[in-house]
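Number of protein chains: 2
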Amino acid sequence: MRYFITGAAGFIGSNLADQLLADGHEVVGYDNLSSGQEKFMEPARASAKFTFVRGDILDVPALTAAMKGADFVFHLAANADVRFGTEHPSRDLEQNTIGTFRVLDAARVNGIKKFAFSSTGSVYGEPNVFPTPENAPFPVQTSLYAAAKCAGEGLISAFCEGFGMQAWIFRFVSILGERYSHGHVIDFYKRLRADPSSLHILGDGKQRKSYLYVEDCVAAILVATTRSEAKVNIFNLGTDEYVEVNDSVGYITDMLGISPKRTYSGGERGWVGDSPFILLDCSRVRALGWKPKLTIREGIVNTLRYLQDNPWLLDART
Amino acid sequence: MRYFITGAAGFIGSNLADQLLADGHEVVGYDNLSSGQEKFMEPARASAKFTFVRGDILDVPALTAAMKGADFVFHLAANADVRFGTEHPSRDLEQNTIGTFRVLDAARVNGIKKFAFSSTGSVYGEPNVFPTPENAPFPVQTSLYAAAKCAGEGLISAFCEGFGMQAWIFRFVSILGERYSHGHVIDFYKRLRADPSSLHILGDGKQRKSYLYVEDCVAAILVATTRSEAKVNIFNLGTDEYVEVNDSVGYITDMLGISPKRTYSGGERGWVGDSPFILLDCSRVRALGWKPKLTIREGIVNTLRYLQDNPWLLDART
Chain A
115 MRYFITGAAG
125 FIGSNLADQL
135 LADGHEVVGY
145 DNLSSGQEKF
155 MEPARASAKF
165 TFVRGDILDV
175 PALTAAMKGA
185 DFVFHLAANA
195 DVRFGTEHPS
205 RDLEQNTIGT
215 FRVLDAARVN
225 GIKKFAFSST
235 GSVYGEPNVF
245 PTPENAPFPV
255 QTSLYAAAKC
265 AGEGLISAFC
275 EGFGMQAWIF
285 RFVSILGERY
295 SHGHVIDFYK
305 RLRADPSSLH
315 ILGDGKQRKS
325 YLYVEDCVAA
335 ILVATTRSEA
345 KVNIFNLGTD
355 EYVEVNDSVG
365 YITDMLGISP
375 KRTYSGGERG
385 WVGDSPFILL
395 DCSRVRALGW
405 KPKLTIREGI
415 VNTLRYLQDN
425 PWLLDART
Chain B
115 MRYFITGAAG
125 FIGSNLADQL
135 LADGHEVVGY
145 DNLSSGQEKF
155 MEPARASAKF
165 TFVRGDILDV
175 PALTAAMKGA
185 DFVFHLAANA
195 DVRFGTEHPS
205 RDLEQNTIGT
215 FRVLDAARVN
225 GIKKFAFSST
235 GSVYGEPNVF
245 PTPENAPFPV
255 QTSLYAAAKC
265 AGEGLISAFC
275 EGFGMQAWIF
285 RFVSILGERY
295 SHGHVIDFYK
305 RLRADPSSLH
315 ILGDGKQRKS
325 YLYVEDCVAA
335 ILVATTRSEA
345 KVNIFNLGTD
355 EYVEVNDSVG
365 YITDMLGISP
375 KRTYSGGERG
385 WVGDSPFILL
395 DCSRVRALGW
405 KPKLTIREGI
415 VNTLRYLQDN
425 PWLLDART
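Keeping their order, the protein sequence lines are chains A and B. Count along the first sequence from 1, add 114, and you get the number used in the working numbering. Count along the second sequence from 1, add 114, and you get the number used in the working numbering.
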């Protein structure tokens, strides 16, 4: 199979590329390197089956040309800044909705029938049902990031109906692991390196969150795309556990051997659109034979170790 | 109150403008006249409290300037061609998603906190629950039209959360009545005028559909926007009944006094993304004291009479 991956220089995209190459497939990686890292693609670039094309998903001619000949599109390129949506209201629309449309339409034009998409568990807004299943009540969006991802999901489903395509949509919890560059572990680690004596935490620290390790995430993606064959296949991807933000802080400070004074911005939410409780019902993907190997604590510890081993990432533009 | 209505020269927009003016409000109508009709605004234009601005919702400077000073935005401008989405895949995205974003952002920039939106019952895709309530299971989109409207809903909800706005989102069934210019009644009537001896029907004619009369629709919109005060207020708008397409054809041919031979394209759906059964649970808006005055049959009969009285509309670009 020849796979086309948008966001191939990103966290999940580069890990997915490595796995597909290890499985013997051809991979064309596409990335504008706005937040992706050349270094993340070094293992892939060592393979003769990997081609990298630097380009933007909004550049339709370049995108359409690069995708030519692919059998399967993994659309992972996105604006991943969940927290700062309200500072630039149109960015999520442009990168996560219009961008998704461009990738989808390029697939249609190229006659590519299989399409996978990295959505987010945030599309459930603030759900009433925990763990939250894929068919939870029709949610009300609470962040521009999730609204734009949800819009992408809808466009993909409509393309499947309208143009005979087949899609796999993944609603991720936050992902941890090698090449992680966005989120609370790197934020806390950066700030604790600068000042190990204190740590300011957004919200009340009691927000309950789920995380999934990137190797487990990639394994789930490959299980789902090879073992489910509906027209539109929607999967939650997460673990069956959650931790409080305060727990995460404890794992990190224990590992660093420090005891910073914790202060809190207060409130149930860390930022506008933050969901105070994320726990997804992942029985649908588990029924296909997948289960995660790492616990959340192991994931956080491994992620911090990775960041300690790769200090260049702390200063990189991501 | 000073209301700003996009799509003010359209079917629902012009009826809403008339009612708001009758209630003593000021109305600024905004429309690019691509499918709206100057004639529809004649009653409104007789009022000193009505201002019309010809402009496109994608023209941000014109839109933002026209909206200045309004207290409340009714965003009704849209591509209303539900059936032909797959013939021009980007049109729904541009007009119904990006267009909605532009109107929403112009409201934000102008400091307007109240925003109402014409969504569609089609956002439920092909639901499993009938009558379908607003909190039905998270749907899978089946048409570009509904996907783009659903995307608009999500953006609006996220703006409410992010920027302290308040929204009313209406999921309409098909609307009938004065100034109706799109849908099965006009399609059948045009074809029966050309050839009263036969009528070709898309699908098997057994599609079950709900319809609401435009006066009832406008009344429901005004009840909902004045009597519900949540951050995001989502309402189904329809009747508690449905008819088969074959029933509709019978009402029309009875009224015309003809008995055309009926042929069928076959299949449960009239077109890609057509939902074989639409029946919305409207108890949420009924609980506010609203109920429809006309039955579906009365609505169809009145609509046909309106078309007979306004033959210019049969040839108008709508």
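Check before you lean on any hint, since a few could be wrong.
[Stated by the list, open to error] Rough simulated footprint, nothing fancy, chain A against chain B, three-plus residues with beta-carbon under 8 Å: (1) 205–219; (2) 253–263; (3) 267–280.
[As the list claims (entries may be wrong)] Subject to a maximum C-alpha distance of 20 Å in a straight line, what follows is the list of computed DMTMM-like cross-link-like pairs (lysine to aspartate or glutamate): (4) B:Lys345 x A:Glu240; (5) A:Lys227 x B:Glu201; (6) B:Lys345 x A:Asp388; (7) B:Lys375 x B:Asp309; (8) A:Lys345 x A:Asp219.
No lab work stands behind these hints: they were computed from the structure. No residue lacks a Cβ here, since even glycine has one placed at the ideal position from N, Cα and C.
Against the structure, the hints:
For the stretch 205–219 of chain B, the assignment as covered by chain A holds, since 5 residues bring a beta-carbon within under 8 Å of that chain's beta-carbons and 3 suffice. With 9 residues having a Cβ less than 8 Å from any Cβ of chain A, the stretch 253–263 of chain B passes the three-residue criterion, so the hint holds. Given as covered by chain A, the stretch 267–280 of chain B passes the check, having 9 residues with a CB less than 8 Å from a CB of that chain where 3 are the minimum. Distance check on the hinted pair: B:Lys345 and A:Glu240 sit about 14 Å apart at the alpha-carbon level, within 20 Å; holds.
For the proposed pair A:Lys227 and B:Glu201, the alpha carbon gap of about 18 Å is at most 20 Å, so the pair holds. As the CA atoms of B:Lys345 and A:Asp388 are separated by approximately 16 Å, the hinted pair is consistent with the 20 Å bound. Restraint check for B:Lys375 and B:Asp309: satisfied, since their Cα atoms lie roughly 10 Å apart, inside the 20 Å limit. Simply put, A:Lys345 and A:Asp219 have alpha-carbon atoms about 17 Å apart, close enough for the 20 Å limit, and the pair holds.
When each numbered hint is compared with the structure, no violation occurs for any of them.
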